[in-house]
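Participant: Now for the letters of each chain:
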Amino acid sequence: MRDYPQDKLLELYRTMYTIRRFEETVSEMAAGGLIPGFMIHLYVGQEAVATGVCAALRQDDFIVSTHRGHGHLIAKGGRIDLMMAELMGKEAGYCRGRGGSMHITSFELGSLGANGIVGAGLAIAPGAALSAKLRGTDQVTACFFGDGASNQGTFHEGLNLAATWCLPVVFVCENNGYGFSTPRSCHQSVSSIAERASAYDIPGETIDGDDVLAVLEATERSVERARKGDGPSLVEATTHRWHGHFEDDDDDYRSEEEKEACTESCPICRFEEACVERGNDASALERVREEVEAEVEKARAFAEECPEPKPEDDASMIFAGGDA
Amino acid sequence: MAPTATDTEFMTYFQAVRLALKEELERDPTVFLMGEDIRFSIFGPTKDLHLEVEPERVLDTPITESAFVGAAVGAALTGMRPVVEIMFADFITVCMDQIINQAAKSRFMTGGQVKVPLVIRAPGGFMSSSAAQHSQSLEALFMHVPGLKICLPATPADAKGLLKSAIRDDDPVLVFEHKALYFSSDEVPLDPEFTVPLGKAAVRREGDDVTVFAVSGMVSSAVSAGDALARDGIEAEVIDARSLIPLDKDTLLSSVRKTGRLVTVEEGCLTGGVGAEIVALVTSEAWDSLKCPPVRVAAKDQPIPFSPVLEAACAPSSRSIQDAVRSCLDG
Ligand SMILES: Cc1ncc(C[n+]2csc(CCOP(=O)(O)OP(=O)(O)O)c2C)c(N)n1
Ligand SMILES: [Mg+2]
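Residue numbers (the numbering used here), protein chains in the order written: chain R, 864 to 1187; chain W, 50 to 380.
Extracted from the complex, chain R is given alone in its bound form:
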């Protein structure tokens, strides 16, 4: 068992707990009609994946996110007040209210975009990695995608390209067992997604995605390899989606028992136990929770109060040269 400084553990805990409380608050607000749109894909249950992966990255490394992207951005350092403002479609939001939940991102933080097109990021990530190589930096790109996305052509094309050109990409498959309503057994024939790495002659491993330290350590291995110039690898993190596919989803394709079973592997409860085992006292965790609660409340209040965007400003965002 590797030793971690206490503050490192608390930092991981803070990130996971922030994601959890942010998402639960968004869920409540969505139910109350406060968040526009009906496709709000929440990250509850998957917190350890984004947290572990981003903790293994440098600030100047890139991530490529998905439709289920709030957790990725928080883990990469996203400010939850600006995120909440974006989800409410406000001018102060990260995308000035133009993107919303499915497109939430901050390039300044190295996030190359959440995405409404399943699988699109799998082709974008090798490009960011190629760019790092051409620019002569040692930046690594972590590419998040789901089990469902691993069936798109871009998965196979992206892995092949990255492997052939030896690009610094860490492909992170968040395997939550479902692509929307379709269970894995109905959408792919392989039992392990990581196995597919062998088709491109790159390393692939399956890890417990609800164990944040396991995610962190596996990502560190992959990042180190990529940074050294040894090329891409594939990490399959098995995890659980607690909510419906999106907030309006009845989720009637999963039994109540199955849904309850998801919560048995709570990445946050498991990490709390691990922290205590590793000598952290419970009151430190309690303090983090209180601070996070206050921060989430503040973020919500900020977002509710800030102004709406103006249609006349749209034109300046279409082309880089400004108004066409």
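To be clear, the hints were calculated from the coordinates, so they are not data collected in a lab.
Note that the structure is a prediction, hence the values are computed from the model and not measured.
Please note: incorrect hints may appear among the correct ones.
Said to hold, decoys possible - In silico DSS-like links for lysine-lysine, alpha-carbon gap of 30 Å or less:
1. W:K96 <-> R:K1122
2. R:K1091 <-> R:K996
3. W:K349 <-> R:K1173
Starting from the known structure of chain R, fit chain W with the ligands onto it as the hints suggest.
Facilitator: Same frame as chain R, but now just chain W with the ligands:
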């Protein structure tokens, strides 16, 4: 008792789509459905349909638009009539090669050896902050591809009738349904032989002052604009395009010859849109009847924004149609 030729039932647009699919699955053993999560069915038309027909004819696919649309081309070339669903019309971009280079051209390239009886259903249109990648109306892109037919049902009855014609047609047909119309309701003929032919427009409101040519979700906005204008004594004739390829030129041109004015309305963006083609057609074929320049109403030339305030400013509306008509008459 089997429904008679005149029986109708009040139902939603998505139920009408379902009825068409079910009737055609029952009528023709070569018809089958494919798409992502279609047994679950986000908008309802195919929910649990596999329980009502042979389950292997309602196939949930992996997330792999290029492969399942390509597979539909392969099946269509070899004697089947696949009906595939693209969950949101925006995702059609993922399988453009299979549609544009394969489905549309297979017959011509082979000197007419084969036919490609393939239907692609895809819901488009604005709906409650779905943002840039889930809101588009891409029909105009496909008007530029010879070999494809395109229809856009705007009512529940047409949702049934046009889809049935598309399935029975021997060519690839894109049926752009509309997300926001799925839950609208009206009377729908129950006769299993009821179809609405491709290439036949419908006059939804009669009038002598201006022709309003509307597409898909904009038909009802055009009719309500027409009703509002009538209170000021302006009588608009609203034409529901129904099909873009083939296009019902006769209905369009004879209306413009009567009114002398044309406004086109669509949810796709302005530049290179449906309206551009319609205006070009009318100016070249009915120039002498025009009393004023035609006006196009469309979405703004920009990606569709998420914020409800911005989305509303980007989309065409009953209000913008009324303004366009007034500008025609004032001009
Ligand atoms: C190209 C494309 N096809 C379909 C969809 C609709 N869709 C959105 S998310 C999703 C399921 C994705 O599953 P997975 O990759 O496992 O991610 P998860 O939702 O489980 O996080 C589907 C089918 C889409 N957005 N883009
Ligand atoms: Mg999944």
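Participant: Does each hint hold? Answer for all of them.
Facilitator: Now the hints, each set against the structure:
| no. | hint | in the structure |
| --- | --- | --- |
| 1 | W:K96 <-> R:K1122 | holds (21 Å) |
| 2 | R:K1091 <-> R:K996 | holds (11 Å) |
| 3 | W:K349 <-> R:K1173 | holds (14 Å) |
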